[in-house]
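**Q** Chains A and B are the protein sequences, given in the same order.
According to the working numbering, the first sequence is numbered sequentially starting from 1.
According to the working numbering, the second sequence is numbered sequentially starting from 1.
Each hint can be trusted.
Label pairs and their calculated CB-CB ranges:
| no. | chain 1 | residue 1 | chain 2 | residue 2 | range |
| --- | --- | --- | --- | --- | --- |
| 1 | B | Gly163 | A | Asp188 | 28 to 34 Å |
| 2 | A | Gly158 | B | Arg40 | 50 to 56 Å |
| 3 | A | Gly115 | B | Ala99 | 48 to 54 Å |
Sample of chain A residues lacking proximity to chain B, with all beta carbon distances greater than 10 Å (derived):
| no. | residue |
| --- | --- |
| 4 | Phe4 |
| 5 | Leu112 |
| 6 | Lys122 |
| 7 | Pro142 |
| 8 | Glu268 |
| 9 | Thr283 |
Calculated from the structure, these hints are not laboratory results.
Bear in mind that the values here come from a model prediction, so they are computed numbers and not experimental data.
Glycine included, each C-beta is placed from N, C-alpha and C at the ideal position.
Take a look at the letters that make up each chain.
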Amino acid sequence: MSTFVLLTVTGLGLGAMYFLVASGLSLIYGLMGVLNFAHGAFITFGSYAAWWLTTQLALSLEAELLLATGFGLAVGAALGALVELVFIRPLYRRPVEQVLVTVGLALALGALVFGLWGADPKLVALPTWLVDTTTLLGASIPNDRFVEIGAAAVVLAGLGAFLRLTRIGLIIRAGVENRAMVQALGIDVRKAFTFVFALGGALAALAGVLSGVYFGSVDPARGTSLLIFAFIVVVIGGFGSIEGSAVAAVVVGLVQQYANFYVADWLEWSGAGDVAVMLLLATVLLLRPHGLSPKVVH
Amino acid sequence: MTATPALAVSDLHVHLGESHVLQGVSFQAVAGRVTALLGRNGVGKTTTLRALLGLVPRSRGAIEIGGADVTRLPTHAIVRRGVGYVPEDRDVFAGLTVAENLRLAQRGREARYELVYDLFPELRERGGQRAGTLSGGQQQMVAIARALLNENALLLVDEPTKGLAPLLVTEVAAALERAAGLATIVLVEQNLSVVQRIAHDVVVLDGGRVVHAGPASELLGSPERVRRLLGVHGGAG
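The shape of chain A in the complex, shown without the other chains (with noise of 0.2 Å):
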């Protein structure tokens, strides 16, 4: 009982920083269609920018955690703004160019960290507390899962707030669903886009940043593996629906989890998890092509 609680808690853990960068791949896919690969770029960003910020600085680790994650966060949503204006304006009616200054943006954005700081992973240095462990039903969590599932709540309800009862909100969600008509009613939608950037960059780089409390570092592949993840999200979730990002990160997450732990027990043989995922996507392209719960129409 006490594995499963511990696996039932990692999975969670795993699912919202899933979920993190997968709302913002699936609004910005959802308004603009714009697959982002670049997406990758502004987790790994966002993660070095905080440890980065936390080697500069000689305060309590709380604070220095604090003000580490709000620095990662504003350094990924300005390189989701600069992304958009700089690289992904110019290609609006292009869109397999888009595609392709994404994937050259994530390799040349990847080497950059690469040549900055090394290959090496980057210890995160961390509060005592928040890796101790608190016991549930039997099984020692570590504490950290409690914040990336409580973060990850906190963003889900934010974002559910923001898209009902802010213009920007009503803007995107209206986007979303007819860009064009948006368009019509006189609302200059680039406006949006470029928000929708800033803002999927600062949600990745907060996965990014829990991704280095949950490892304990950070390091250069760690963005390219949740995208890869995140993507799968976004698919079985639906285009464009932040709920059902949401619902599938969960699922993903568990999945991955049960998998790494009881298939590959049974078979002795690792990465049962991703091939199970990979699985569950199969079987969810099959049965609902267009994911769970699919808001886009353009």
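Model the placement of chain B on the given structure of chain A, informed by the hints.
**A** Then chain B, alone, in the frame of chain A:
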């Protein structure tokens, strides 16, 4: 001296893929009047409206609204010059409520909610209902309301009665009649009874070109012309 037309279109060309859809469309809409854009299916009526708004790329031509050249402006900037658009397929935002659809359309603080709710009282009652769950007629009300909410000088209205029950056709026509007192209207409409009721002028398209322009009464009063230009018998009935 002639008054500046509310809309002047000159030599408008549009290519969609390999197809040369509009091949030099030119016409004017006189301020304060309703101009019906008529023609058989597929002659370019909807494309003309979409091209006026920049929703499809224009390969050549000039568009003036209220005397100002808007040819190179993006869609939102054209609309902000006082243009309301009611699209052919209504294009309401299905996941948004009726109230949210209207709030999204509102430009600035002055919005004519009283006018809109006076024309379509149902929309007030259904403010909290998702637009995707409305009937076709109710969705058309939302689409027209969005265009009337702001003080637009020009309304582009694309087949507002398409697929509606006769009672709703009458209601929509009455709303457009009232709107005609507030703005210049360019109307694409297949229902010639509606055209006869509210249009002052007609422009007939065929093969992506204007083949006839003149007073509505002149065209609709001649069953032979109606048959020849529009391919239908009898006219307004």
